[in-house]
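Take these sequences, add in the hints, and give me the full structure.
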Amino acid sequence: MRIILYMLQKEFRQIFRNRGMLPIIFIMPIVQLLILSNAATFEIKNVKIYFNDFDKSTYSARLKSKFYQTDYFQITGESINRRDSEYFLEKNLADIICEIPPDFEKDAIKYGTAKVFFKINAIDGMKAGLGVSYAQNILESFILEVNKEISYKLSPGAYASTPKNVIINYSNWFNEKLDYKTFMVPALLVLLVTLIGGFLSSLNIVREKEMGTIEQINVTPIKKHQFIIGKLLPFWLLALFVFTIGLLCTRYIFNIPLAGSLTVLYAFASIFILAIMGIGLFLSSVTDTQQQAMFVFWFIVVIFILMSGLFTPIENMPVWAQNLTRINPLRYFMEVIRMVILKGSGFSEVKNHFMIITGFAIGMNMIAVWRYRKKS
Amino acid sequence: MKRFLAFVKKEIYHIARDYRTMMILFGMPVAQILLFGFAITNEIRDANIAILDQSKDHVTEKLTNKLLSSGYFKLDSYLQSPDEIESTFKKGKIKLVIVFKEQFGEDLFRHNSADLQIIADATDPNTANTLIYYTQSIVRDFMASFNVGARPRIMISPEVRFRYNQNLKGVFLFVPGLITIILMLVTAMMTSISLTREKELGTMEVLLASPMKPFQIILAKVIPYIVLAFLISMVVLLLGYFVFGVPIRGSLALLLLELLLFVLTTLSLGILISTIAKTQLVALLLSVMGLLLPTILLSGFIFPIENMPKILQWISVIIPAKWFIIIVKDIMLKGSGLDMVWKETLVIVGFALFFIIMSLKKFKIRLG
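Chain order of the listed sequences is L and F. First residue of the first sequence? That's 1 in the working numbering, and the numbers climb one at a time after it. First residue of the second sequence? That's 1 in the working numbering, and the numbers climb one at a time after it.
Take these hints with a grain of salt, some might be off.
[As the list claims (entries may be wrong)] Under the rule of at most 27 Å between Cα atoms (straight-line distance), these lysine-lysine pairs were calculated in the DSSO-like manner:
hint	chain 1	residue 1	chain 2	residue 2
1	F	Lys62	F	Lys93
2	L	Lys177	F	Lys91
3	F	Lys310	L	Lys177
4	L	Lys177	F	Lys101
5	L	Lys164	F	Lys56
6	L	Lys10	L	Lys64
7	L	Lys91	L	Lys48
8	L	Lys164	F	Lys66
9	L	Lys66	L	Lys106
10	F	Lys310	L	Lys48
11	L	Lys181	F	Lys310
12	F	Lys169	L	Lys181
These aren't lab readings, by the way, just hints derived from the structure by calculation.
Okay, structure coming up:
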């Protein structure tokens with residue numbers, strides 16, 4: 001026990017002696033949260049639409065005005081020249097071109113069928129998909145409106161002929177305003193903790209190796225596990241500290257209330273950080289220089305992040321990829337933090353997550369201890 | 001010339017010897033593009049839903065079947081009472097609950113109108129939006145088949161054409177961005193680190209004392225990195241082309257020229273960093289914090305710039321990668337020619353000139 005305390009003393013002195021580290025620990029998390037939450041957004045608003053109205057009729061004007069009325073669309077221009085619209089699409093000045101063909105109104109009234117063309121810049125697939133859904137929805141409501149009018153004109157007051165209709169009410173739970181930041185900020189906390197805990201622990205032992213100071217520790221009677229605990233504990237505390245700062249930001253800067261229990265959150269975070277640090281320690285023992293350790297850690301973290309459900313839901317992945325995410329510790333924390341903060345899930349709902357992450361933490365640290373050798 | 005080649009050879013040895021870094025430099029883009037191409041999609045299939053059917057008549061049964069056979073939804077469970085909705089959501093498995101009110105079918109026949117309630121788990125706003133739209137259009141379809149007799153008098157059918165990326169593949173957006181990041185990583189970051197390493201280890205003195213001119217020394221140092229960067233971006237291009245069908249619709253020559261121009265820009269940026277930084281760690285921090293992170297976040301690589309707050313949009317203007325990604329996207333996916341991208345090209349030329357002049361000014365033959 002005493003040996004561990006000495007180790008801790010040494011590590012903390014080294015951390016606080018390094019002037020460059022303090023701002024990284026105290027200020028970086030807040031700055032990162034502020035910038036990331038604003039930059040890392042897939043929120044889709046202001047889809048830019050351009051009209052080619054070849055009909056210039058009452059109907060086409062009404063259809064267009066429907067687009068003007070919603071917040072989703074931003075009208076960037078209108079012409080009766082296809083070359084202009086193509087130019088807008090190619091220069092990214094428009095996301096969607098809506099072409100209303102000549103005789104649109106005539107066809108609709110006389111023959112009962114008409115067409116509208118949507119041309120979409122689909123390079124960003126998600127934006128294109130949602131943009132089309134919005135546009136089709138507007139078109140549907142236009143059709144409904146026009147049909148109501150016509151059937152009313154033909155036989156006023158005749159209820160029997162009105163088509164059967166299902167009125168759909170929808171409500172968005174847990175995030176009523178559909179605010180993208182509410183979705184992202186809790187998950188970004190996971191990112192923050194992973195980066196701090198992982199980078200610090202992976203750079204640490206390798207630094208002693210690079211500097212040659214590890215030899216001095218190796219000749220002391222310190223046991224393997226004491227050494228590892230002494231190395232882990234300070235960074236574990238630091239990462240929890242950063243997590244706390246992040247939680248405070250979530251609550252007071254982003255105004256995201258905590259629906260669930262703080263205890264569950266902290267308990268999970270503590271175990272998760274241990275797991276990440278185990279990975280860091282392991283990397284630290286298999287690499288030779290800080291630069292290498294950083295590159296390798298960066299590589300692994302990028303893959304973990306992509307496969308964690310941070311940006312794109314895991315359920316959308318093919319089955320083999322979904323199975324692959326099971327070995328990704330980040331995935332479990334992402335799920336837990338979103339469930340607990342946003343939905344208020346309790347311990348019983350995230351029991352399985354707890355078991356898995358505990359397994360990770362124990363396994364990774366055991367490998368790290370086993371891999372660390374006093375002899376070089 | 002022979003002397004110069006010897007210098008280049010020395011640098012190649014340096015690079016090839018660190019096989020771990022090499023493996024990551026080639027492995028990272030390959031792994032990422034495979035993940036993006038195969039695993040990461042925004043397309044929603046088989047979203048888990050729960051149904052609360054308080055009416056249990058043949059209309060709700062039919063509509064339920066229709067919803068579940070659409071391919072978008074998968075039934076997780078039937079709920080028995082409204083109280084279960086929240087607790088089911090909290091388990092985190094389902095994305096949507098569909099509630100049929102009591103007497104749904106009767107209302108529909110007697111009053112021609114019935115209420116359907118959809119409750120979405122909106123923690124992920126995009127998924128919630130999309131699922132609600134899917135449900136709405138399925139219900140609309142269903143009602144259309146129900147109203148066969150009273151067909152609406154006017155039907156307007158939308159004809160949708162997705163341009164540049166017909167199947168809405170995410171990898172299309174990703175390939176141009178990935179090439180940019182790799183060029184940045186290899187040329188700017190690696191060169192700045194390798195130049196400062198010579199300084200830190202004191203071997204720069206040896207090089208400068210050789211009969212070579214400082215300019216030639218630097219040139220010899222960066223040439224292997226140019227080749228490396230080109231090789232890796234070719235791997236990405238070929239992988240995108242052959243595995244995922246990411247097309248190169250514009251002129252390949254133009255694309256390569258633009259690539260070269262961008263490499264020149266990032267190289268001079270790397271040299272500039274190395275003239276400022278004294279140690280590898282500082283060079284590393286400068287390139288990661290000052291280059292890599294802003295480039296990943298603010299270049300439009302993953303996140304669309306137009307949705308960001310105004311301040312971040314302004315900052316993005318001074319990020320060369322932003323302009324380069326526009327160029328690569330336009331040439332590869334839209335088939336644009338120089339007439340469409342000359343403005344962006346000029347911006348990058350401007351950046352290149354600025355960095356070259358700056359690093360020439362800062363470069364000193366004498367150390368310390």
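Right, here's what the structure says about each hint:
1. Using a Cα cut-off of 27 Å, the hinted pair lysine 62 of chain F and lysine 93 of chain F holds, with the two alpha carbons roughly 24 Å apart.
2. For a cut-off of 27 Å, the pair hint linking lysine 177 of chain L to lysine 91 of chain F stands: about 22 Å separates their Cα positions.
3. The suggested pairing of lysine 310 of chain F with lysine 177 of chain L holds, with an alpha-carbon distance near 21 Å, which does not exceed 27 Å.
4. Proximity of lysine 177 of chain L to lysine 101 of chain F is assessed by CA-CA distance (about 25 Å); at most 27 Å being required, the pair is judged to hold.
5. In summary, the hint linking lysine 164 of chain L to lysine 56 of chain F is supported, as the alpha carbons are separated by about 19 Å, within the 27 Å threshold.
6. Between lysine 10 of chain L and lysine 64 of chain L the CA atoms are separated by roughly 70 Å; this puts the pair beyond 27 Å, and the hint is violated.
7. At roughly 12 Å between alpha-carbon atoms, lysine 91 of chain L and lysine 48 of chain L fall within 27 Å of each other, so this suggested pair holds.
8. A threshold of 27 Å between alpha carbons decides the hint, and for lysine 164 of chain L with lysine 66 of chain F the separation of about 17 Å falls inside it, so the pair holds.
9. A hinted pair counts as satisfied when its Cα atoms are at most 27 Å apart, and lysine 66 of chain L with lysine 106 of chain L qualifies at roughly 20 Å.
10. Proposed proximity of lysine 310 of chain F and lysine 48 of chain L is supported: the alpha carbons are some 17 Å apart, at most 27 Å.
11. Distance hint between lysine 181 of chain L and lysine 310 of chain F is fulfilled; the C-alpha atoms sit about 16 Å from each other, no more than 27 Å.
12. Of the pairs offered as hints, the one joining lysine 169 of chain F and lysine 181 of chain L holds, with about 25 Å between alpha carbons and a cut-off of 27 Å not exceeded.
The structure does not agree with numbered hint 6 stated previously, though it agrees with all others.
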